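S.K.: Protein chains in written order, with this note's numbering: chain Z, 1 to 219; chain E, 1 to 306; chain H, 1 to 217.
Derived by calculation from the structure, the hints in this document are not laboratory data. Hints should not be assumed to be uniformly reliable.
[Said to hold, decoys possible] Derived DEER-like restraints, expressed as beta-carbon distance ranges:
id, chain 1, residue 1, chain 2, residue 2, range
1, Z, Lys50, H, Arg213, 25 to 31 Å
2, H, Val138, Z, Leu17, 43 to 49 Å
3, Z, Phe55, E, Lys202, 45 to 51 Å
4, H, Arg213, E, Ala71, 52 to 58 Å
5, Z, Ile85, E, Ala108, 24 to 30 Å
6, H, Arg14, E, Ala178, 45 to 51 Å
All values derive from a computational prediction rather than experimental measurement. Beta carbons are placed, not taken as given, at the ideal position from N, Cα and C, and that holds for glycine.
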Amino acid sequence: MTALHFQPVLQRLPFLLGGVATTVLLSVASFGAGLFLAGGLAVLRAEGPKAGRRFGTIYSTIMTNTPQLSQIFAIFYCLPLLGVIVSPFASVFIGMALNAAAYLADILTTGLGRVPPLYHDAAASLGLTRRQAYMRVIFPHALQTMAPALANHFQIMILGSSMASIFGVEDLTGRAYDVGSTTFRILEVMLVTGVLYALLSIALTGLFALGRRLFEGAA
Amino acid sequence: MRSAGGPMRVFRTPWPGGVPLRGSRAHGGPFGALRSGVRKVGRGVAACVLSALPVCAGPAVQARALADIRASGHLNIGVNPALPPLAAYDSRNVIEGFDVDVGTALAARLGVVPRFVPVSSSGRIPYLMAGKADVVLGGLTRTPERAAVIAFSVPLYVEEFAIIAPAAARVGGLDDLASGRVRMVEVRGSTAVPFLREHAPKAPILLLGSYPDAVRALAQGRGDAMVDVIEYVGRFLAAEPQAGWTIRRGFAPAAGEDCVGVARSDTDLLRAVDGMLAGLTRDGTIQAAYRRWFGVSMVAPVERRP
Amino acid sequence: MIAFSHYDAALLARALWMTVVLSVAGGLAGLAGGTALACLRMARGRLFAPLRFLAAGYVQVVRRVPFIVTLYIVFFLTGMAGLDVSEVTVAIWAIGLIAAGYIAEIVHGGLRSVPADQIEAAVTLNLPLLARWRHVIVPQALPVIVPPTVGYLVLFIKDTALASQVGVLELNQAGVILSNRGLPTMQVFLAVLGLYFALSYPLTRLSRMLEKRLALS
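Given the sequences, and given the hints that come with them, work out the whole structure.
M.R.: Next comes the structure, spelled out in structure tokens:
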């Protein structure tokens with residue numbers, strides 16, 4: 001090989017951009033599912049029975065101290081042994097959501113701790129049930145205080161979604177492998193892929209910041 | 001937003017301690033975020049371009065020449081450790097197999113130590129092109145597309161495609177695959193992928209990184225069939241006997257010659273490898289290795305150059 | 001329970017050691033690189049402007065590219081540069097490059113957390129540069145820097161699992177090899193996850209402890 005040739009890679013740029021869509025879908029979906037689970041875990045840790053609290057803490061401790069890659073491997077290999085056959089995309093989605101739930105629960109727990117006790121009292125005196133209080137008063141406040149941390153974890157999940165390629169998902173990295181194994185220009189592909197990830201992350205970060213600003217402006 | 005935040009997920013009291021959060025900085029109205037986003041994009045792009053410059057200007061790359069290999073005292077040999085009988089970790093955690101025997105013999109003839117570089121099917125040619133391996137094995141079939149970017153030695157042995165499927169999938173011949181109703185599972189970077197794209201363009205393909213992963217996916221019902229060389233998957237099929245594998249051979253012209261791959265610029269090394277392989281064939285080393293690992297005698301490969 | 005043979009256990013032990021080597025060496029490289037980058041970003045004067053810009057750009061970009069992509073880029077670049085280095089070395093470099101980006105941001109934030117008027121006061125008092133750093137800046141920045149840095153080192157332990165993709169036999173790869181060898185997959189991966197946990201959990205505790213202790217002082 002004599003030099004870098006980007007031509008064959010750039011010709012397949014539309015194919016790579018198709019992978020970007022999968023990457024966005026995977027990260028957004030697993031972030032959403034993870035946040036939903038994390039909400040449950042955080043409430044469990046704040047208000048649940050002792051056993052529930054302990055479960056919430058142990059779950060986060062275990063999941064945050066082991067690699068997401070090994071967790072997805074365990075799910076990908078072991079779910080079928082239990083008779084559950086799901087697509088590679090679904091396996092990675094489940095793995096990422098379960099992993100995210102642990103980290104996001106830590107963040108939300110901190111956020112709930114920062115909600116002034118007065119808010120709980122105020123919600124109760126308005127006659128809201130606990131559930132309503134959480135949905136309408138406490139979570140919105142916690143989400144707002146923790147928005148930077150949540151955005152930060154979302155960014156980490158975009159990067160983490162690249163592991164999906166190892167399990168046959170055609171995300172950006174998966175398609176980069178494909179292009180690499182057909183054009184044989186793997187370094188060039190990876191350089192282009194790196195730039196695409198950086199641009200994607202900057203774009204999503206900008207959107208997130210914009211959304212927050214609009215949301216806060218409206219509130 | 002800023003992204004130095006990993007520990008924030010671990011910590012109970014994440015920030016305000018240290019790192020100022022860009023997301024929490026006051027912006028002028030809703031467009032502040034947009035403006036700063038645009039600025040960030042600009043800066044990111046500029047930095048990407050700048051950091052790529054030294055790469056483009058970098059010196060033309062050469063694979064290690066024969067003299068370099070001799071001087072360094074070792075030969076970097078790409079083998080796929082998830083591809084028995086060519087190479088696999090044995091029960092004592094040592095990589096062994098046909099490719100390992102051939103590689104060891106080549107290194108011995110060169111008078112250097114073999115150093116085995118683990119490589120997946122899709123990595124074989126890029127590894128050669130980038131100089132990460134001096135020679136690669138791993139069931140490298142000679143094809144015109146590949147011959148445009150790397151050089152092939154004289155053939156080591158011939159291989160034949162088979163359609164491998166669990167009995168439950170009830171897969172027939174190549175026509176069945178062409179119909180598009182059969183979900184294929186293939187190893188990324190194998191010659192079966194271009195073969196299928198040509199002969200069964202409608203067939204959906206799930207690409208996985210290694211042979212054991214592909215066979216496992218078939219056994220678990222993530223796909224219906226696989227086209228590949230039966231010898232490469234034999235050990236993994238045996239591990240999933242409940243699937244009741246059906247194997248169909250003798251379709252299409254689908255036979256190939258497996259060679260040792262060498263970087264194109266390494267003409268000296270290629271000549272040396274060809275010479276050594278001829279010697280190893282004459283003294284029966286290669287045939288013995290084949291019998292040892294494949295369990296049958298080899299069909300003599302055809303001696304011809306592309 | 002599983003019957004891990006002597007050799008299976010030996011493979012796990014070898015892989016565990018490799019994970020430790022990758023984490024420690026990559027983390028140290030990241031600490032050195034990150035501190036250097038942060039200092040570069042703090043450097044004053046026009047002369048340093050392009051360097052400041054490059055350092056800031058590097059920090060921005062490297063944290064927006066997946067580790068696996070960085071790993072491949074470093075892997076193939078070393079080959080193209082004609083460096084005959086092992087996969088382990090490549091993995092350590094890649095971890096170091098990523099870690100440097102994250103740690104630079106933490107150190108930079110820590111240094112900037114020292115109130116400017118204190119530095120000005122030190123300048124007014126005619127404290128030499130070295131003394132300024134030793135007695136004013138570092139003691140105040142360190143409590144801000146150390147806990148999150150340890151927290152990040154925990155993250156890098158988990159990133160080392162991806163080194164398997166360039167052929168390094170580390171813990172996750174050992175799990176894949178053992179399960180391909182026919183050992184019960186579930187037990188194998190439980191063992192692998194358990195070993196990662198054993199590495200990572202004490203460090204997590206340490207970073208929390210440091211955080212509490214340094215916050216008090």
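S.K.: Checking against the hints above, which ones are violated?
M.R.: Hint 5 alone not satisfied by this model.
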